[in-house]
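> Taking the hints into account, I'd like the entire structure generated from these sequences.
Each protein sequence line maps, in turn, to chains A and B. So the first sequence is numbered by numbering that gives the first Met the number 0: it starts at 0 and just counts up by one. So the second sequence is numbered by numbering that gives the first Met the number 0: it starts at 0 and just counts up by one.
I should point out that these hints are in silico values taken from the structure, not numbers from a laboratory. Careful, some of the hints might be misleading.
To be verified - In silico DSBU-like cross-links for lysine-lysine, where the CA-CA straight-line distance does not exceed 30 Å:
#: 1; chain 1: B; residue 1: Lys253; chain 2: B; residue 2: Lys197
#: 2; chain 1: A; residue 1: Lys123; chain 2: B; residue 2: Lys97
#: 3; chain 1: A; residue 1: Lys207; chain 2: B; residue 2: Lys45
#: 4; chain 1: A; residue 1: Lys82; chain 2: B; residue 2: Lys227
#: 5; chain 1: A; residue 1: Lys241; chain 2: B; residue 2: Lys97
#: 6; chain 1: B; residue 1: Lys97; chain 2: B; residue 2: Lys200
#: 7; chain 1: A; residue 1: Lys123; chain 2: B; residue 2: Lys312
#: 8; chain 1: A; residue 1: Lys207; chain 2: B; residue 2: Lys62
#: 9; chain 1: A; residue 1: Lys245; chain 2: B; residue 2: Lys197
#: 10; chain 1: B; residue 1: Lys227; chain 2: B; residue 2: Lys32
#: 11; chain 1: B; residue 1: Lys227; chain 2: B; residue 2: Lys45
#: 12; chain 1: A; residue 1: Lys26; chain 2: A; residue 2: Lys223
#: 13; chain 1: A; residue 1: Lys26; chain 2: A; residue 2: Lys190
#: 14; chain 1: B; residue 1: Lys202; chain 2: B; residue 2: Lys32
#: 15; chain 1: B; residue 1: Lys32; chain 2: B; residue 2: Lys62
#: 16; chain 1: A; residue 1: Lys207; chain 2: A; residue 2: Lys123
#: 17; chain 1: A; residue 1: Lys194; chain 2: A; residue 2: Lys223
#: 18; chain 1: B; residue 1: Lys45; chain 2: B; residue 2: Lys197
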Amino acid sequence: MNIYRLVTLVLNILGIGTAFGQTALEKSDFERLGIPNCSLAVGSIRRSALHRDYLFLTKNADIDGVIQGTNQSPTDICLAAAKIAIAQAGISADQLGLVIGDCSTPWQTTPSEGQRVADRLGLKVPSYDIGGGGLVPQHLASLSRWRIDRTPEYILLVSGSTPTSRINFEKGGDERWHFCDAAAACVVSSKHRGKLTVLDAESAFHGKAEGSFVVDQFLPLIAKLDNFPQQLELLTADMCAKAVFKHKLHGAHVVLACGEASSGMAARVAQGQSISRFGSSFDDNGHMISAGCFFAYERIAHTLKVGDRVILVQALPGFVSGYALCEVN
Amino acid sequence: MTQTANRRAPELSILGMGFAHPVGEITNEFLEKLEVGTTAEWITEKIGIRTRKTSLPIEYISKTRNQRPHDAISVATDTSMTLGLRAAEMALERAGIKAGEVGLLLVNACTPCATSPTESHRLAEALGIEAPAHDLFTACPVFALHIDYLANFESEALPDYVLCISTATLTQHVNYNDRSDGAIWGDGAGAWVISPRKPGKLKVLDSTYHSDPSRSQAVVVDTWGHFKQDGRAVRDFSVRQTVRLVKRMEEEFKLDWSRDIFIGHQANLTMLQQITGNREIPESNHWYNVAEVGNQAGAGAPIVLAQRWHEIKPDQRIAIAVVGAGLSWGSVLLQAN
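See the structure below:
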């Protein structure tokens, strides 16, 4: 079901930034952590905000104490991504008129992530969170339906989470090497032309919240990985098909950027819609909850030409998914 | 101070409102018995709160002082979700619509049980709503944020019915060894159904939302810990900012306090009385519930309005000014049909 009825505002993405957790973990690290069956490919890594020594010493068995295990909060990673997006947009932070944040693993449930990031950027502008499914689907789907006279000149959207901080590496299952701490941000404007123009964006809730992925306030993260990839692929394929059908997309200029998808999954989804160019984020980095589609975009950005149509897709298994269709300027 | 964009009168109506509180009650006498350096008399005199609603069993508070908020959830009689659900059901009933007719659900939860799925997704599932749902969060001034956010949209872009919920169980995050925090907080949820095109009981005449994130750490709820605030700074800010918000509505809309109603952020009664004293708002036209239920964060002001839903008179205007964590603030001016 569509979130809102129609796109009323042409938004441009002026800058995109991404950032990772500080600790890189390889297959050998997971084996050292007691995860012998980790099927992480050689060359792939996962990123964690946790200090390496803390992780090996404690295995993060007490997630209540995680703040002692890192000096890098989700807000730190969001801030790093935001600074890159702002620089790439060619503006200064004080030109922003609104900051919208999103974080699934906050250190504080109040104030909002948007307010924490805005604070760190030294801003005194309206800020709040739109949470539940990530940057592209919901933030862009909402903003592209706004009245132009109520839309600030520059808006920062930032979404980041540190799922590894909620994982018990002592007792957990495959989720221990599945996730990655990361953030993505973008600067959008309805008044200035940018690298990408958002032609359409939609997001959907699928009526069932208790799906494959749960971040409880006090309990370790739950990811039912036996059906997690299948659900993710179904939702991703559904959103991609919607964009293709609605906008009659075809031809070599259509490009797919699949957040959180493996390369195999992205290939199958692309093939299903006769799309030959695609990018994905999972193989190299793991599941980032909500930042993946911009990481996938970055992998293919160098191949893009003016006039290409990029479908950015993001989904959280079980309950929410969305896409943003952009034109390359 | 910056605002979202040029203000323009939104064309929104509130069709129904609901509220819910847990059954537990914390009295000043109970807080005195905790022996943390306070008396019932002192609390009444300082903040004007006599009782607060809580989702925690009184025996649990007595025994543990809630030193580990982690443990609170296992003994709580309500969660932010169960309270939100009851408030939503009342709002839908008063609006005369079914959950299935809701086209968008927005939820504000300062104390969510989980961050994924979000409180909005859990509430959507519990209510049987298959429409899009997401959290739209700023804590205390959320009544203004939700309405001002919807006013950003082209009317045609919105569904016929939007359900908004603000829910909070702050008592589960209070350190009851702290005499100030223990005296302030209560639990509750408020809900309201808004339409961009269907006529309702209350028409939105004006809305604003602002924030100053440079003071974002003045009010904090730690995910694993307790609520913390810079009490004096927040109180001064709240009074000053609320007075500004009310003054602007008075000037722009020629409010008449002999018939119009004021509802402020339900922080504490003495603060509200400072504001009404400053603006010369008579007691009869000041609606509040903080003295009986405590500070319910973002749920406070909408709960007051929901509780007085049947007392609203035709043509009456209701000026709502809300402030709090963020630091953020906003206002909504409503007119009854």
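> Determine for every hint whether it applies to the structure shown.
Tested hints:
{"no.": "1", "hint": "B:Lys253 - B:Lys197", "in the structure": "holds (27 Å)"}
{"no.": "2", "hint": "A:Lys123 - B:Lys97", "in the structure": "violated (40 Å)"}
{"no.": "3", "hint": "A:Lys207 - B:Lys45", "in the structure": "violated (46 Å)"}
{"no.": "4", "hint": "A:Lys82 - B:Lys227", "in the structure": "holds (29 Å)"}
{"no.": "5", "hint": "A:Lys241 - B:Lys97", "in the structure": "holds (28 Å)"}
{"no.": "6", "hint": "B:Lys97 - B:Lys200", "in the structure": "holds (17 Å)"}
{"no.": "7", "hint": "A:Lys123 - B:Lys312", "in the structure": "violated (38 Å)"}
{"no.": "8", "hint": "A:Lys207 - B:Lys62", "in the structure": "violated (38 Å)"}
{"no.": "9", "hint": "A:Lys245 - B:Lys197", "in the structure": "holds (29 Å)"}
{"no.": "10", "hint": "B:Lys227 - B:Lys32", "in the structure": "holds (23 Å)"}
{"no.": "11", "hint": "B:Lys227 - B:Lys45", "in the structure": "holds (19 Å)"}
{"no.": "12", "hint": "A:Lys26 - A:Lys223", "in the structure": "holds (21 Å)"}
{"no.": "13", "hint": "A:Lys26 - A:Lys190", "in the structure": "violated (46 Å)"}
{"no.": "14", "hint": "B:Lys202 - B:Lys32", "in the structure": "violated (46 Å)"}
{"no.": "15", "hint": "B:Lys32 - B:Lys62", "in the structure": "holds (12 Å)"}
{"no.": "16", "hint": "A:Lys207 - A:Lys123", "in the structure": "violated (37 Å)"}
{"no.": "17", "hint": "A:Lys194 - A:Lys223", "in the structure": "violated (37 Å)"}
{"no.": "18", "hint": "B:Lys45 - B:Lys197", "in the structure": "violated (44 Å)"}
Of the numbered hints given earlier, the model fails hints 2, 3, 7, 8, 13, 14, 16, 17 and 18; all others are met.
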